[in-house]
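Guided by the hints, dock chain B onto chain A, whose structure is given.
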Amino acid sequence: MKKRFLSLMMACTMVVSLAACGGNSTTASTTAAPTTAAKATEAATTAANKDTQAAAEDITLKWAIWDQDTTPYWVALKDSYEATHDNVTIELVDLGSTDYMTVLATQLSGSTSAFDVVTVKDVPGYATLVQKNTIESLDEYIKKDNIDLSLYGGATDQITVNGSLYELPFRNDFWVLFYNKDLFDAKGLAYPTNDMTFAEYDALARQVASTDFGSQVYGAHYHTWRSAVQLFGVLDGKNNILSGNYDFFKPYYEMVLNQEADGICRKYTDLKTESLHYSAAFAGGDVAMMNMGSWYISTLISKLQSGEYAAADCGNWGMAKYPHAEGVEPGSTLGTITGIAITTGTQYKDAAWDFVSFVSGTEGAKVMAETGNFPAIMTDEAMEIISGLEGFPADEQSKEALKVSNLYLEVPYHESVSEVNSILDTYHAAIMSGEKTIDEGIAAMNEEIGKILK
Amino acid sequence: MSKAEGRKKMSKETRRTLVAYSFIAPNFIGFAVFTLIPVVFAFILAFTQWDGSNPIQWVGLGNFIKLFQDTFFLSALKNTIIYCIGTVPLTMIASLALAIVLNQKVRCRGLFRTISFFPYVASLVAVTAVWKMLFSKTGPVNAILYYVFHVPNNELPQWFVGGLVMVSYILFSVWKYMGYYMVIYLAGLQGISGEMYEAASLDGANTWQKFRSITWPQLRPTTFFVVVMLTINCFKVFDIATLLAGGDNNTLTPSSTVLVHYIYQQAFVNWEFGYSSAVAMVLFVLVLIVTIIQFRGEARFSNS
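Residue numbers (the numbering used here), protein chains in the order written: chain A, 1 to 454; chain B, 1001 to 1304.
Everything labelled a hint here was simulated from the structure, so no lab data went into it.
Misleading hints may appear alongside valid ones.
[Claimed, not checked] Computed footprint of chain B on chain A; a stretch qualifies when at least three of its residues, placed anywhere within it, have a C-beta under 8 Å from a C-beta of chain B:
no.: 1; stretch: 128-139
no.: 2; stretch: 261-272
no.: 3; stretch: 414-422
[Said to hold, decoys possible] DSSO-like, lysine-lysine: derived pairs with alpha carbons at most 27 Å apart:
no.: 4; chain 1: B; residue 1: Lys-1176; chain 2: B; residue 2: Lys-1105
no.: 5; chain 1: B; residue 1: Lys-1066; chain 2: A; residue 2: Lys-436
no.: 6; chain 1: A; residue 1: Lys-62; chain 2: A; residue 2: Lys-349
no.: 7; chain 1: B; residue 1: Lys-1066; chain 2: A; residue 2: Lys-132
no.: 8; chain 1: B; residue 1: Lys-1066; chain 2: A; residue 2: Lys-454
Backbone N, C-alpha and C define an ideal beta-carbon position, used for all residues, glycine too.
In isolation and in its complexed conformation, chain B is listed as follows:
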């Protein structure tokens, strides 16, 4: 009897756990099959040579040694970092400025908010086509440079090759994504109590002082979130590079390539899954380090 009771008690507990597990199972199985297992597999692949069909060969650190002698990889790394350094602060400043302006009681506020948000909703392929037209050799931007600023014909810039290509990526990215971060900042601004501004006004603070002492510190958690998301998204850039500079056979030159494009190229054009995973690991470590630094910085700020 006591034995049976014990079993019943056990099974009751097990059953409760089972119920709980079964509820998270659908989500977890999906996550494991499509994310967790591939990620772990990619970690292992980084130390191997594999073309997707033939047996996997263990090469140890070989891929990583090869990586740092690969000039094309090094330019991809450099370009990705430049892109992030350019995009993160600019997008942050642009979206914050937009949010502050559109948080005032201005005329047609809703309309301007919609306009600012529009690039984010618009199809990337369609808007890159428009940008390529705008910035083409004979496009409107160069026409303005030619007619208004009298830049001679042979000195008109080529926006999608050579040194300017990164500038084009950054400008495009800021324009495309500032609307999204503007919405996040708007939500942050709505959360700041109006009493603080009232008190500051009574003390005779001007607009800049109000921004420095109230808005900026109060928005810190929002800014932190925006910066982390922006950084992660910036390191993942692929579509913008492919669409703006890839051309019809999707070839990027050393000055226009980025890490994720190189990962794609190695994996699905050259069928070097091992080498490609090694590049992905470098990207992972890079994002990890930057995010850790940001979290540390945030923790120090909120303690002080």
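Chain A extracted, bound-state conformation:
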């Protein structure tokens, strides 16, 4: 009898301990002895007090980021903020860059207090977070602190959700044309200029290319992202990625696929099976021109300095503005903004806002520029810092290339932006791999996105 009772007790203990493992802290405290429960209440009260007098107490803000080891500005921003705020500690939580937005949205769906401050990598991810009510509207804070949104050069207008802003941009990348001067010199050709139409660009790519076996030179290089091809089409300011009609992609797909067919650029299917990264492609020294985001500047500079990229292959590089459609002023380009937001579940809203306004403001902009990245607030000072970096091309044209007249986001905000984005990705892959013709692919985009936009 005694034995049986003992075994029952043991089994019960096992069950209870298992349940406690899965449960949250509230169940744990109810099963605990009354003294501990009392202590827990005490702790809760102090926590509440802490909230009201947030500024004076020690605060730790959890900040979701990616790739801490290879991205220099996270720690730089953290250090410079902590230097002036003794009571605040910023805890960096690295979620990795590959599926950052998916991981972040999943974690915040579980608990909105998983982080205090989050970085928002792209607009589709921003739309997801806003729709899931996981990030806080910043309108009141912006009003209270009189933040001047015009400093962001119109970027904030493209991420406004029903009149409200849920993030502030702190990094703003835009696309330029990188080129390898040595390859142009070898053929005795003039470098790409800051004022090229697409026809001139195509002709130049064909001139500089060389299809001789063994000494192959690619005139252009298009990474596998849809932005690298499709979005040439939105630069004329008339067409829009959310219009539901994508016929305007056609001339650009034709240009790129014709270049592929003639051996002027690497084939999309090869890039995809070989998983060739754009940085390795340009660093190989056989790519004359490559359209890519300005984030590549700091990569190129640092990898050339560390010796990972051979100076003989790509050390002599320059930049030009994006080519433009006939009759449009040069300097229009694509932009990608990286934003920072406050979670709805954070305990320290005011402290989090203070950090957000620091990172997205002029002080943060300076830190960003010092690490070779483009801040969302593009001041002349920040521009000087970047173009003065060691390793930045010395010619005037490359400096001039950084001046942007119109910036179109790769995708502006829309409630269905992530679905639109994945459909565009899918049919971009289908067209580029030859699975569908250009017309079929565009028709499929029109049809499926038409259904979503209604």
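Chain B alone, transformed into the frame defined by chain A:
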């Protein structure tokens, strides 16, 4: 007194049941929390629209109506079925052939068994990287086609796009999983009594006749198990598609997508848990029907 006795008797019985329950509880709680409740929840979700945070909206059969107008879903369905039709018989034949060969007393039998089993143990990510290299545009496979079979340069196949992508999936899957099913068949072969073969030899049966009349019927329960497991695993294919054709942003085109990838895409990229559950229901029904047919077929065979 009698009342107390009755209570004691009751409690003794209850206690016995309780002991039994408490022993299965750890396992059952785990199963319920991580499998049973989510499965039931997914059934309900299939009739709703939900993004994981906002309130759940009941949409009735809306998701299913939308499904059968969704061309991307239909290609995913078609591809998954083609994949299964290709993979199940080929893997079965390959593993059976391997098992029969490696059941003979051949030299270095252990070594060859290990080699055949190796792909199954090797990390999927690592071996897909090797396959992508082998089958790339300029890889060894195309080099053989070019130099040995004189296929012109511009007609060399692209193994991971368009029409050939399914062939690549099937070949890869057969190679990767045949070792595992070979082991199951080997166990089945060991169970066949040698006396039957002896008797057949005395009657003058040749190898083919022995296979047809002894090996194949004796292996039927094993074959049944292999086919059911293979079918279920085939319908669940996800990793092979993602790794072979997904590329760095995990985008599959209409000719390379499969059902489970579409489920993932809808749930964790577009945050449409309801729609995604509806796709999962279709997959569930598909596997259920195929398995029922197989069980029926097996029952008929063993009766006859």
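ask   = Which of the stated hints cannot be reconciled with the structure, identified by number in ascending sequence?
value = none
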